[in-house]
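**Q** Single-letter residue listing:
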Amino acid sequence: MLRKHALLAATLTLLTSFSAAAATTVIVHPSNAAALDEKSVQRIFLGKEKKFSDGVESIPINQVADSAVRGDFDENVLGRSSAQVSAYWSKLVFTGKGVPPKEVSSDADVIELVSKNPSAIGYVDSASVTGDVKAVSLN
Amino acid sequence: MMKRILALSLVAAAVSSSVHADVRINGFANLIGGITSSDDTLYGYDDNIGFGEESLFAIQVSGDINDRMTATGQLVARGSDDYEVDFEWAYLTFEATDNTNISAGRFRLPLFRYSASLDVGYSYHWVNAPRSVYSVPFNNLDGLRVDYSNYAGDWEYNLQLSAGTIDNDFTTAGQDANFKGDNVIVLSAEAQYEALKLRGVIGRAKSTVDVPALAPAIGQLRSISPELADLVEFEDDTGEFLGFGVEYDAFDWFVSAEVTSIEATDSYNPDTIAYYATAGIRYGKWTPSLTYEATDADDGPKLLDRVAGFPAPFQGPLTQLLVGIQQSFVEKNDTITAGVRYDYDTNVAFKADVSKYTDDIDESSDATLVRFAVNYVF
Chain A
1 MLRKHALLAA TLTLLTSFSA AAATTVIVHP SNAAALDEKS VQRIFLGKEK KFSDGVESIP
61 INQVADSAVR GDFDENVLGR SSAQVSAYWS KLVFTGKGVP PKEVSSDADV IELVSKNPSA
121 IGYVDSASVT GDVKAVSLN
Chain B
1 MMKRILALSL VAAAVSSSVH ADVRINGFAN LIGGITSSDD TLYGYDDNIG FGEESLFAIQ
61 VSGDINDRMT ATGQLVARGS DDYEVDFEWA YLTFEATDNT NISAGRFRLP LFRYSASLDV
121 GYSYHWVNAP RSVYSVPFNN LDGLRVDYSN YAGDWEYNLQ LSAGTIDNDF TTAGQDANFK
181 GDNVIVLSAE AQYEALKLRG VIGRAKSTVD VPALAPAIGQ LRSISPELAD LVEFEDDTGE
241 FLGFGVEYDA FDWFVSAEVT SIEATDSYNP DTIAYYATAG IRYGKWTPSL TYEATDADDG
301 PKLLDRVAGF PAPFQGPLTQ LLVGIQQSFV EKNDTITAGV RYDYDTNVAF KADVSKYTDD
361 IDESSDATLV RFAVNYVF
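Here the protein sequences come in this chain order: A and B.
Under the working numbering, think of the first position of the first sequence as 1, with each following residue one higher.
Under the working numbering, think of the first position of the second sequence as 1, with each following residue one higher.
A couple of the hints might just be wrong.
[To be verified] Selected chain A positions facing chain B (in silico; Cβ < 8 Å):
no. : residue
1   : Lys51
2   : Lys91
3   : Gly96
4   : Lys134
5   : Ala135
[Said to hold, decoys possible] With a cut-off of at most 27 Å between alpha-carbon atoms, the simulated DSS-like pairs for lysine-lysine come out as follows:
no. : chain 1 : residue 1 : chain 2 : residue 2
6   : B       : Lys197    : A       : Lys97
7   : A       : Lys39     : B       : Lys206
8   : A       : Lys102    : A       : Lys39
9   : A       : Lys134    : A       : Lys50
10  : A       : Lys134    : A       : Lys97
11  : A       : Lys39     : A       : Lys116
12  : A       : Lys97     : A       : Lys39
13  : A       : Lys50     : A       : Lys97
14  : A       : Lys116    : A       : Lys50
15  : A       : Lys134    : A       : Lys48
16  : A       : Lys102    : A       : Lys91
17  : A       : Lys102    : B       : Lys302
18  : B       : Lys206    : B       : Lys302
19  : A       : Lys102    : B       : Lys356
20  : A       : Lys102    : A       : Lys48
21  : B       : Lys206    : B       : Lys285
22  : A       : Lys97     : A       : Lys51
23  : B       : Lys302    : A       : Lys91
24  : A       : Lys102    : A       : Lys116
25  : A       : Lys91     : A       : Lys116
26  : A       : Lys39     : A       : Lys134
27  : B       : Lys356    : A       : Lys50
28  : B       : Lys302    : A       : Lys48
29  : A       : Lys50     : A       : Lys39
30  : A       : Lys134    : A       : Lys91
31  : B       : Lys302    : A       : Lys51
32  : B       : Lys197    : A       : Lys39
The hints are simulated quantities; they were obtained by calculation from the structure and are not laboratory data.
Glycine included, every Cβ here is placed at the ideal spot set by N, Cα and C.
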């Protein structure tokens with residue numbers, strides 16, 4: 001059922017993505033029941049919050065800088081360009097105040113990691129979402 | 001069950017390898033070149049193109065001692081020091097809670113908005129942070145710092161309390177000098193609401209500034225009046241620092257400003273107010289910006305009212321000495337800078353700017369400077 005929904009969603013996304021830029025979907029482990037909105041996702045990905053709303057440790061998984069989905073996530077969810085996000089992290093890294101999220105190079109890698117770890121949170125192109133992970137609506 | 005936990009923790013370790021890795025190596029570099037209009041000098045540049053004044057290369061190594069403790073060291077090679085490598089920061093951080101960090105060692109004092117990343121050119125839109133505000137001789141502290149960050153509703157805030165000592169060689173009014181600060185205590189607070197960020201800082205230290213070139217004049221003064229010499233001397237005097245900053249960053253455009261005040265009442269050091277205001281637009285990879293900065297350390301010589309209490313023959317020499325000692329530290333100038341940043345990549349930026357410096361004390365010091373820079377982080 002979930003899979004069918006995802007497939008339908010994927011198909012719809014594929015269709016719409018011809019007219020609009022690829023949409024990004026935030027994903028978590030299927031068992032993750034924490035409340036998530038755009039603000040809390042921002043805080044987790046910017047290292048300001050280290051736990052989900054239910055107290056479970058959160059581990060953000062980023063995509064590599066030159067991927068389209070990363071650019072879309074940075075601009076639409078974090079509200080900054082990738083260069084600005086990188087400048088933000090350079091401030092934290094070089095003051096020992098934070099370590100940027102680990103980067104992986106494909107939607108499949110993100111899904112693989114998120115599907116196996118209840119603490120993980122990632123984002124993928126909406127068309128890539130599978131039933132192994134839970135899509136989060138930020139609205 | 002056991003197996004499952006083991007499997008999960010292995011994956012978790014793989015996912016968070018950057019968090020729990022043994023040693024992380026990061027680095028940054030600023031290659032900055034500049035040239036002034038003919039016969040002018042500014043920030044060490046002259047009318048021959050120079051690359052050494054502000055360029056630097058740095059490597060940071062940090063390692064996790066355990067789940068809650070990290071050791072960090074930063075090696076910096078500055079062009080102005082002939083690229084001699086120096087351990088500028090070395091500290092241990094203890095993560096007491098998710099919101100509280102305690103650091104001990106040598107680190108940057110959080111006086112300004114960009115204090116912590118002052119050397120990381122990639123982190124800001126300027127070629128270099130405005131000198132009027134940022135160039136103080138007490139940037140690094142040996143001691144302790146407690147960081148607390150949290151949020152309440154949509155407000156995010158951060159408090160930092162630092163305490164320790166400062167010992168730093170620097171140059172003032174063209175002379176070699178040394179700044180020593182004891183019992184340094186600095187409290188800074190930052191709050192952010194959506195695009196708005198506010199920042200306040202207050203600090204004080206028992207300060208001593210030793211300028212060997214001043215010793216003869218202070219010696220002469222002491223032979224007439226030990227009391228006046230003690231007052232004009234900058235030794236174990238309370239120095240006070242106040243700062244306020246505001247920023248509004250709407251992503252497509254931003255404005256920000258900082259103002260600072262430095263006072264050391266019983267010393268030759270003039271009370272100094274410095275500020276800047278900057279605004280920029282982000283247009284794709286381009287960030288053009290304008291910055292106005294100024295320093296005002298021109299309140300007139302201190303202590304002259306005391307001269308009247310001395311017998312007439314001493315009044316002339318005393319006035320001359322008091323004015324002479326203080327005059328070289330008087331400053332009043334402003335600078336306008338137009339610059340542009342180009343984000344070549346998420347770890348490389350190119351920049352160029354042109355600055356027009358106006359000196360209200362000495363017109364012949366007016367200068368125009370053109371700079372260009374490459375910033376790199378890894």
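**Q** Would the hint on A/Lys91 be counted as holding, given a Cβ-Cβ threshold of 8 Å to chain B?
**A** 4 Å, holds
**Q** Are the Cα positions of A/Lys39 and A/Lys134 separated by 27 Å at most?
**A** 18 Å, holds
**Q** Report holds or violated for the interface hint on A/Lys134, using the least CB-CB distance to chain B and a cut-off of 8 Å.
**A** Since the shortest Cβ distance to chain B is 17 Å, the answer is violated.
**Q** Under the criterion that the straight-line Cα-Cα distance not exceed 27 Å, is the pair B/Lys197, A/Lys97 satisfied?
**A** Given that 27 Å is the threshold and the Cα spacing comes to 19 Å, the pair holds.
**Q** For the pair supplied as a hint, B/Lys302 and A/Lys91, confirm whether the alpha-carbon distance does not exceed 27 Å.
**A** 41 Å, violated
**Q** Do the alpha carbons of B/Lys302 and A/Lys48 lie within 27 Å of each other, as the hint requires?
**A** 48 Å, violated
**Q** Can you confirm whether the C-alpha distance between A/Lys102 and A/Lys48 stays at or below 27 Å?
**A** Given pair A/Lys102, A/Lys48 holds - Cα atoms ~16 Å apart, limit 27 Å.
**Q** Does A/Lys134 pair with A/Lys48 here, judged by a C-alpha cut-off of 27 Å?
**A** 23 Å, holds
**Q** Checking one constraint from the list: CA of A/Lys97 to CA of A/Lys51, max 27 Å. Satisfied?
**A** Holds, at about 17 Å.
**Q** Holds or violated: are the alpha carbons of A/Lys134 and A/Lys91 at most 27 Å from each other?
**A** The given pair, whose Cα atoms are some 32 Å apart, is violated under the 27 Å limit.
**Q** Next pair to validate is A/Lys50 with A/Lys39; report whether the Cα-Cα distance is within 27 Å.
**A** Within the cut-off at roughly 13 Å; holds.
**Q** Decide if the proposed pair is consistent with the structure: B/Lys197 and A/Lys39, CA atoms, cutoff 27 Å inclusive.
**A** Distance of about 17 Å is within 27 Å: holds.
The earlier numbered hints that this structure contradicts are 4, 5, 7, 10, 17, 19, 21, 23, 25, 27, 28, 30, 31.
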